[in-house]
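These protein sequence lines map, in sequence, to chains A and B. First residue of the first sequence: 34, per this note's numbering; consecutive thereafter. First residue of the second sequence: 34, per this note's numbering; consecutive thereafter.
Please keep in mind that the hints were generated in silico from the structure rather than gathered at the bench. Among the hints, a few may not be true.
All copies of an identical chain are treated as equivalent in the list; a pair is satisfied when it fits inside any one copy or across any two copies.
[Stated by the list, open to error] The calculated lysine-lysine pairs, modelled on DSS-like cross-linking and capped at a C-alpha distance of 30 angstroms, are:
hint, residue 1, residue 2
1, 158, 39
2, 319, 39
3, 464, 72
4, 320, 464
5, 158, 440
6, 72, 434
Number of protein chains: 2
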Amino acid sequence: MSDAVKYLLDETHLPKRWYNLMADLPSPPPPVLHPGTLKPIGPDDLAPLFPMSLIMQEVSTEREIDIPEPVRNIYRQWRPSPLFRARRLEHALQTPARIYYKYEGVSPAGSHKPNTAVAQAFYNKEAGVTRITTETGAGQWGSSLALAGSIFGIEIQIFMVRISYDQKPYRRAFMETFGARCIASPSMETSFGRQVLAASPQSPGSLGIAISEAVEVAAGRDDTKYALGSVLNHVLLHQTVIGQEAIAQMDLANDYPDIVIGCTGGGSNFAGIAFPFIGAQLRGGKKVRVIAVEPAACPSLTRGQYAYDFGDTGHMTPLARMYTLGSTFIPPGFHAGGLRYHGMAPLVSHIKELGLIEARAYHQIACFDAGVFFARQEGIVPAPEANHAVKAAIDEAVLCKEHGAAKTILFNLSGHGHFDMQAYQDYFDGKLSDQSYDERELAMALAGLPSVPA
Amino acid sequence: MSDAVKYLLDETHLPKRWYNLMADLPSPPPPVLHPGTLKPIGPDDLAPLFPMSLIMQEVSTEREIDIPEPVRNIYRQWRPSPLFRARRLEHALQTPARIYYKYEGVSPAGSHKPNTAVAQAFYNKEAGVTRITTETGAGQWGSSLALAGSIFGIEIQIFMVRISYDQKPYRRAFMETFGARCIASPSMETSFGRQVLAASPQSPGSLGIAISEAVEVAAGRDDTKYALGSVLNHVLLHQTVIGQEAIAQMDLANDYPDIVIGCTGGGSNFAGIAFPFIGAQLRGGKKVRVIAVEPAACPSLTRGQYAYDFGDTGHMTPLARMYTLGSTFIPPGFHAGGLRYHGMAPLVSHIKELGLIEARAYHQIACFDAGVFFARQEGIVPAPEANHAVKAAIDEAVLCKEHGAAKTILFNLSGHGHFDMQAYQDYFDGKLSDQSYDERELAMALAGLPSVPA
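Hey, can you work out the whole structure from these sequences and the hints?
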């Protein structure tokens with residue numbers, strides 16, 4: 034029997050700087066536009082929502098940005114996170130491929146999300162902010178911001194998509210244990226929420242609606258700011274500690290990936306593992322195939338349009354050019370709640386346009402097949418989101434077997450599935466299905482994209 | 034703000050040997066007796082249930098027992114586990130005490146239990162065993178043996194206390210994800226189970242009943258053995274990696290505990306952190322106060338008798354001298370399911386008799402108060418069992434404040450509470466109560482202890 038091999042860095046190897054892919058790109062992404070004027074927005078347009086330090090990171094083109102020491106001190110609780118060689122999985126697949134995975138489930142909130150939650154809470158605290166609003170779907174992001182708020186003494190108010198609020202009471206209890214307040218969205222606490230409820234009293238909610246509610250609250254109060262768990266440049270930036278550590282750990286293993294894989298909903302987990310490798314390649318390093326994996330039921334990268342769109346349903350956000358299914362698109366119910374977003378991070382969308390990454394989509398049953406197979410070999414039960422990356426890694430390893438190619442595959446295991454056991458139970462009970470979105474609804478959502486002259 | 038400080042050992046410091054407290058005791062514990070003859074049992078009496086390698090560990094008086102390399106290879110996935118200095122907790126308590134905690138929640142099953150599950154599965158595999166039966170209450174042990182079974186390719190059959198089976202479907206799904214089979218106990222699969230159900234068709238089950246069922250199945254089949262997650266000497270032995278690592282980590286911190294704290298149900302978590310420190314003291318090292326913390330609703334160490342008793346309800350096990358509430362004692366419902374056992378490990382009971390440890394009992398609401406306070410400072414949500422240790426550590430730290438004493442406190446945080454969020458929800462909803470056992474029922478259970486001439 035082969036065993037898992039762990040590559041652990043000591044704390045002196047905790048990254049001192051975040052890596053900004055913007056600095057190494059051959060061309061910048063298109064500007065973000067004001068929805069009224071259709072002119073590029075400036076930092077001041079974002080000031081009602083974010084502290085200026087985060088806004089400056091959002092627009093920065095510096096290659097490296099110092100991680101404040103208080104943030105590194107908190108990262109140290111679980112970072113550097115381990116990187117494993119999946120020897121038992123390789124053995125079970127009888128593949129010549131070498132499979133590695135970076136494991137972000139070791140954070141106290143159980144996923145990669147605290148990497149940015151802690152940073153965002155720090156900058157807000159520094160700016161004197163006493164309350165942060167946000168939205169959460171699956172709950173990974175809400176849990177992480179709740180954790181960060183408890184550390185920095187900031188009040189956290191979370192608009193939780195109604196259907197998750199009802200279906201995932203344990204995720205809610207977890208956030209409340211950290212002292213956060215969860216509100217089912219759509220709610221009566223915002224005018225947008227009241228508007229949605231007036232039109233549709235039984236609305237199950239959506240991430241787009243919850244974002245609108247959280248933004249509305251933050252925009253209306255001086256002591257309150259808003260935080261987003263993915264999509265934005267500064268969020269992706271904070272996640273690059275993952276890939277930077279992975280590069281050092283692959284070096285420890287005396288290896289380097291041919292293929293890097295991450296699941297992608299808003300894009301932050303994918304960016305975290307992938308951007309440092311793509312940057313190294315752009316600066317003349319070894320070429321890597323980078324694969325973004327998304328759910329077939331919400332396939333922005335593989336079936337969306339690269340177009341200007343709103344980030345939310347209430348159209349309170351600026352317009353960003355990104356792969357989008359349209360801000361009115363509501364994906365069918367599937368269990369990887371963290372991947373149920375209509376758009377894709379503008380920076381991830383841009384490098385897809387530049388041909389720097391591939392994308393593929395999987396249905397959920399095949400992902401659970403892969404996740405359970407992985408759990409039985411490697412002993413870790415992945416979150417449903419992470420199962421998409423597991424599935425792609427296994428598919429690539431099987432291809433290696435068929436072609437007799439001893440490739441090196443690295444994927445990010447973004448979180449554990451401890452709060453997702455209902456999904457596994459449904460899988461075992463044969464209750465899962467591979468629902469597709471309605472093609473006509475997608476066409477309508479795309480037809481409704483805002484018109485922006487080229 | 035002060036931050037958590039992590040003391041991490043690299044893999045070269047993973048213990049090579051388990052530590053056997055038996056070697057350093059001034060007197061051996063009383064012998065285990067055959068329930069029919071009342072004569073001391075020998076290794077052969079246990080052979081139907083356990084592989085001989087584990088039986089020899091059960092009776093060993095060697096100070097150190099080599100950890101097989103395949104077991105160490107699996108330990109490496111999460112060991113050495115981190116030891117933290119709880120600076121944020123100290124700060125919040127305004128205490129001069131230094132508080133450290135060893136964190137076992139980093140294991141793939143989320144608690145200390147895999148330390149012995151992996152070892153037991155290894156020895157069973159080596160002995161050609163193809164199936165292991167066991168019982169589980171809260172599910173920490175069942176999850177860990179399920180994990181170990183998946184690694185070694187052994188079929189795992191888990192008798193899960195009926196009330197937990199019904200109330201904790203997610204814990205069950207977790208075990209099934211690793212490929213184990215869970216059976217609600219009492220079941221129709223054993224003659225003892227059928228007997229219980231005939232007398233009490235709605236029986237909620239108990240650990241004592243589930244043990245009897247698992248033992249019955251193993252005793253009846255050559256290819257099947259039984260595994261226990263606590264109480265027995267060899268189980269406690271396997272947990273001593275915790276305390277050995279903690280000694281090395283306290284050394285890294287340039288500190289040494291004045292007080293060592295562990296929660297205790299069957300005794301394995303407590304032994305894991307405490308025995309190496311007690312052994313060092315017995316060999317002439319620094320004296321430490323060692324505190325075992327148990328639930329006030331199931332207080333074997335503080336309210337039980339030190340007497341010979343059965344380990345199970347069906348009276349299929351040998352008789353061991355231990356602190357016991359009587360094998361027919363059924364504790365009231367409380368959330369720390371891992372601490373709901375009528376007896377206490379004979380070795381832990383023996384050192385209590387020798388005056389080497391203190392014991393105290395807490396009701397559950399005070400423990401949840403402590404656990405939530407801890408989570409908001411340190412970012413980790415503890416299992417309800419571990420909250421007992423957290424509560425004692427906080428109480429000791431508050432005493433230090435009152436007395437102006439800068440003591441060093443170390444406790445074991447045996448697991449995370451990710452599968453126990455219903456308990457936290459009940460706590461937040463004000464639905465928890467501090468139920469006590471019925472004094473008359475305890476008296477009856479104690480009156481029913483088997484009669485063993487001195």
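The hints, checked one at a time:
When the C-alpha separation of residue 158 and residue 39 is checked against a cutoff of 30 angstroms, the pair qualifies only between copies, where the shortest distance is 24 angstroms, while the shortest distance within a copy is 36 angstroms. Only within a single protomer do residue 319 and residue 39 lie at most 30 angstroms apart by alpha-carbon distance; the minimum there is 24 angstroms, versus 35 angstroms between protomers. Taking CA atoms no more than 30 angstroms apart as the test, residue 464 paired with residue 72 passes in neither setting, with 48 angstroms inside one copy and 55 angstroms between copies. Taking CA atoms no more than 30 angstroms apart as the test, residue 320 paired with residue 464 passes in neither setting, with 42 angstroms inside one copy and 58 angstroms between copies.
Proximity of residue 158 and residue 440 under a CA criterion of 30 angstroms is satisfied in neither setting, with 45 angstroms inside one chain copy and 33 angstroms between copies. In the homo-oligomer, the alpha carbons of residue 72 and residue 434 never lie at most 30 angstroms apart, since the shortest distance is 52 angstroms inside one protomer and 60 angstroms across protomers.
Consistency with the previously given hints fails for numbers 3, 4, 5 and 6, ordered from lowest to highest.
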